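Visitor: In order, the protein sequence lines correspond to chains A and B.
Quick note, in my numbering, the first sequence goes up one by one and the last residue is 70.
Quick note, in my numbering, the second sequence goes up one by one and the last residue is 1138.
I should point out that these hints are in silico values taken from the structure, not numbers from a laboratory.
Bear in mind that the values here come from a model prediction, so they are computed numbers and not experimental data.
For every residue, glycine included, the Cβ atom is placed at its ideal position computed from N, Cα and C.
It cannot be assumed that every hint is accurate.
[To be verified] For the chain B half of the interface with chain A, some residues (derived, Cβ under 7 Å), not all of them:
#1 D1043
#2 G1045
#3 A1046
#4 A1047
#5 V1048
#6 L1070
#7 L1072
#8 N1075
#9 L1076
#10 A1099
#11 A1101
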Amino acid sequence: MSTELVQLFPVLRELKRSEKLYVIQFLVSELAQAETELIQPGVAYPVWSPYDAFEAAETMLKALAEAKGE
Amino acid sequence: MPNAQRYPFVAADSILGEASLRPYLPLTLIGRGQTTVTAGLLDTGAAVNVLPFRVGIELGEVWEQQTMKLQLTGNLAQYEARLLLVSAIVDPFPPVRLAFAWTEAEQIPLLLGQVNFFLEFNVCFYRSQLMFEVTPKG
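The task is simple: from the sequences and hints, build the whole structure.
Guide: Listed below in structure tokens is the structure:
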């Protein structure tokens, strides 16, 4: 736990109930915003995974088996 | 995992920051008398290993001599791919033989997929800790 956080707890404890709820709301909002920023609008994210190239996978497995037998 | 080797996630794009962190595994590939030190993206969703065209050339391989054609899917379907078997060393583990779909595509990372990287190595991801562990198959 950071020093700043340790110093913050006594301050938070002294807050009124409504202020504590406001702090909770603020933190939830901050976390949600941070998650959103991980994926930027208008940016291209290419996906190259040949995720269902099963025929290629089978061919490669056979080639490996043959090479092992040589 | 016993004898596991740990590696950090690395940023693929300095502007995107955390959104671009990827599990790139350093490895050495040994081709026809040529060796290249590179990094492969651990891609559990990829059915096969994929080798970008330039890396095959760095290994001294000749495209025309690889006669076994492979059909890839997704964005890679538009590029011709051919089978290539190479030796690979993931330090400090013993060398293994990896089969690659050597693609004519240039702008992709080297992909380490189910056939046959994940048949040779066990991998455990700790994304929240920005690292992953690799061990050879038992």
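Visitor: Each hint: holds or not?
Guide: Outcome of the hint check:
| no. | hint | verdict |
| --- | --- | --- |
| 1 | D1043 | holds, 5 Å |
| 2 | G1045 | holds, 4 Å |
| 3 | A1046 | holds, 4 Å |
| 4 | A1047 | holds, 4 Å |
| 5 | V1048 | holds, 5 Å |
| 6 | L1070 | holds, 4 Å |
| 7 | L1072 | holds, 4 Å |
| 8 | N1075 | holds, 5 Å |
| 9 | L1076 | holds, 5 Å |
| 10 | A1099 | holds, 4 Å |
| 11 | A1101 | holds, 6 Å |
Hint violations for this structure: none, all hints satisfied.
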